[in-house]
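Given only the sequences and the hints, what does the whole structure look like? Please build it.
First to last, the sequence lines map onto chains C and U. Heads up: the first sequence begins at 1 in my numbering, then just goes up one per residue. Heads up: the second sequence begins at 1 in my numbering, then just goes up one per residue.
Hints are computed from structural coordinates only; laboratory data are not their basis. Be aware that a few hints might be false.
Unchecked claim - From the structure, some residues in chain U lie toward chain C, with a derived Cβ separation under 8 Å:
1. A53
2. F54
3. S56
4. E74
5. I76
6. K77
7. A78
8. L79
9. D98
10. L99
What the hints assert, rightly or not - When the alpha-carbon atoms are kept at most 30 Å apart in a straight line, the in silico DSSO-like pairs for lysine-lysine are as follows:
11. K3/U <-> K128/U
12. K77/U <-> K222/C
13. K376/C <-> K77/U
Values in this document were obtained by computation on a predicted structure and should not be read as measured data. All C-beta atoms in this analysis are idealised placements derived from N, C-alpha and C, irrespective of residue type, glycine included.
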Amino acid sequence: MSSPNEHAEVAVLGGGPAGYVAAICAAQRGARVVLVEKDRLGGTCLNVGCIPTKTLTTATELLLRAKRGSEFGLSIPQAAADLPAMMAYKQATVNRLVNGVAQLLKARRVTLVRGEARLIKPDTLSVEDDQGKRQEISAGRIILAPGSVAAAPQIEGIGLPGVMTSTGALEIETVPRRLTIIGGGVIGLEFACIYEALGSKVTVLEMTPSILPGAADEPIAKRLQILLRRRGMEIRTGAVVRRIEKAGDTLHVFVDGADGETAVECERVLVATGRWPNTERMGFAELGLRMNGRAIAVDERLATNLPNVWAVGDAIGGWMLAHKAMVDGRVAAENSTNGQRQADYRSVPNVIFTRPEVAGVGLTEAQARAAGTEVKVAQFPFSSNPRARILGESDGLVRLICEAGSGRILGVHLLGPHVTDLIAEGALAVQMGATADDLAWTTHAHPTLPEAMLEAALDFRDAAIHFRSQ
Amino acid sequence: MPKYLETTVDKFTFRVATDRLYTSQGLWVLGQTNNRVHVGLTDYLQQHSGDVAFASVKPAGFKLATGDQLAEIETIKALVEILSPVSGMVVEVNPALDLTPEVINQDCYDKGWLVVIETANWETDQTKLLEASSYFEVMQSQLQEELKKR
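Rendered as structure tokens:
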């Protein structure tokens, strides 16, 4: 059964950060826009990704700070997690933000259509709602933003009760005594820090030789690994998970590592082995949409091989980050409304909400050297930053990857307190081609964490004030 | 010969182990069989540098010429660049440094060793190193220099 057709100038498939931003921007530019979403607005990020995990990160950090109250001269005798209340706070925050997106779309007169969409022609989407009712949306321009799904590795026993994905890990009712996390990437380590704060004994199993593979400057990743181990977290790298078995209430995770096969015992297992582009069952293959593995292939203007069809966000692969997806959305919105903009990813920061936090933008030291650049790394530790000392969070450092001669900042890599905020200055520096001297002569307020950026910039000329190299 | 030469300045005692060789920059080198040497920081260098927070040492397999960067020691007040006193290849890094880097401050001549290097030119390299008594004199003059700065 088909209802009357909807017509739009721009139709967007998917209401996550890439899709809703594309819809709003296209509408700002005067287009009549239809957005199709099968689930809740906000996609993975708002519903089961960035936002709920960061509410738990924030709540658990507050818990840990409360427990350290005596260091600051405070008496907080019974700081403890109230799990149902914490989950309610998380859900209320998510709901407020999801409603906010709905309001923004409404204010821009974007028509929201609920249902699962298929691309049946390069200019037509077929949408089926949860009642089985179908309608067609024809559009001069289509932006595909179907997002990503959790990767499902082939591990025997992965379907056992007690084995969960990140979505399940956001909905726990009790804190497991022992948690094993398969995957030492961004998602795995963020949850490792949340559950550690709640009291779980956490073991992280990472297949590659280092945690955060491909997601951080190597010395930063190595230092985070040491800091987590110093706190008592068990991190095994080069560990390949073979199978999971259950005996009574205990899960046994069998791992191949340097010492042969060993088993890790725990009550819960979190599988955090990354995400894949969500590109199946939407008619893409049937229409000959060009793919790059699981990802939709696009050019520098995010155009696909189909006429007047663009693709954005996690579905085109690369860095699966909400803020990168939002940039994609803006680029595709411009290009689908007579614009000519290329996607520019030079200043896309990567942020990791571990404890301490990790953030980076631009080239890593290894990438800069591999490109044949003569590199000078300028650095400064947070232990010498007064604000970090006041906060009682002085682990970490600033690393500026500079071109040796000019001092041009090629990359900024941070470990430490609030560095997910501090990286904004690094992103601006990289985007504008700033030099270490530019940063060093930009006055930074005292006493603040960004002073560590200034001091690192001074270190380019071996001239840090509050630290000495010898 | 006593196990240590020592001097006390301004209530701080500085010791120099007599069983090994030194560089004037404050590293000790203890020769072993198979041309393998242990390398570490002297008591003076560890006290001068402060409490060690991190030690980043070149990994096993890394090849070095004399004077190449061997390690960076981060203390709460300084980043200390450690240059290799010998040429050769790193064969072992002290596994205690990751979790308990303070071992450098607590026991610099024994448990706080940095690295084992398989030397490429030990016969030549060792002639450029200082005997304990010579280093003891160098260290004393470095201490006097510091006192003058105060």
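Here's how the hints hold up against the structure:
1. Hint status for A53/U: holds, given a least beta-carbon distance of 6 Å to chain C, under 8 Å.
2. Using the Cβ-Cβ criterion of 8 Å, the hint placing F54/U at the interface with chain C is satisfied: the shortest such distance is roughly 7 Å.
3. Below 8 Å, beta-carbon pairs count as interface contacts, and S56/U has one with chain C at about 7 Å; its hint therefore holds.
4. For the restraint placing E74/U at the interface with chain C, the shortest Cβ-Cβ distance is roughly 6 Å, inside the 8 Å limit, so the hint holds.
5. At a threshold of 8 Å, the smallest CB-CB gap from I76/U to chain C is about 5 Å, leaving the interface hint in force.
6. Restraint check, K77/U versus chain C: the minimum CB separation of about 7 Å is within 8 Å; hint holds.
7. Checking A78/U against chain C by beta carbon gives a least distance of about 5 Å; that is within 8 Å, so the hint holds.
8. Against a cut-off of 8 Å between C-beta atoms, the interface hint on L79/U holds, since the closest Cβ of chain C lies about 5 Å away.
9. Nearest Cβ of chain C to the Cβ of D98/U: about 5 Å, under the 8 Å cut. The hint holds.
10. The restraint placing L99/U at the interface with chain C holds, with a minimum CB-CB distance near 6 Å, inside the 8 Å limit.
11. Taken as a hint, the K3/U and K128/U pair is honoured in the structure, with Cα atoms around 23 Å apart against an allowance of 30 Å.
12. At roughly 21 Å between alpha-carbon atoms, K77/U and K222/C fall within 30 Å of each other, so this suggested pair holds.
13. Of the pairs offered as hints, the one joining K376/C and K77/U holds, with about 21 Å between alpha carbons and a cut-off of 30 Å not exceeded.
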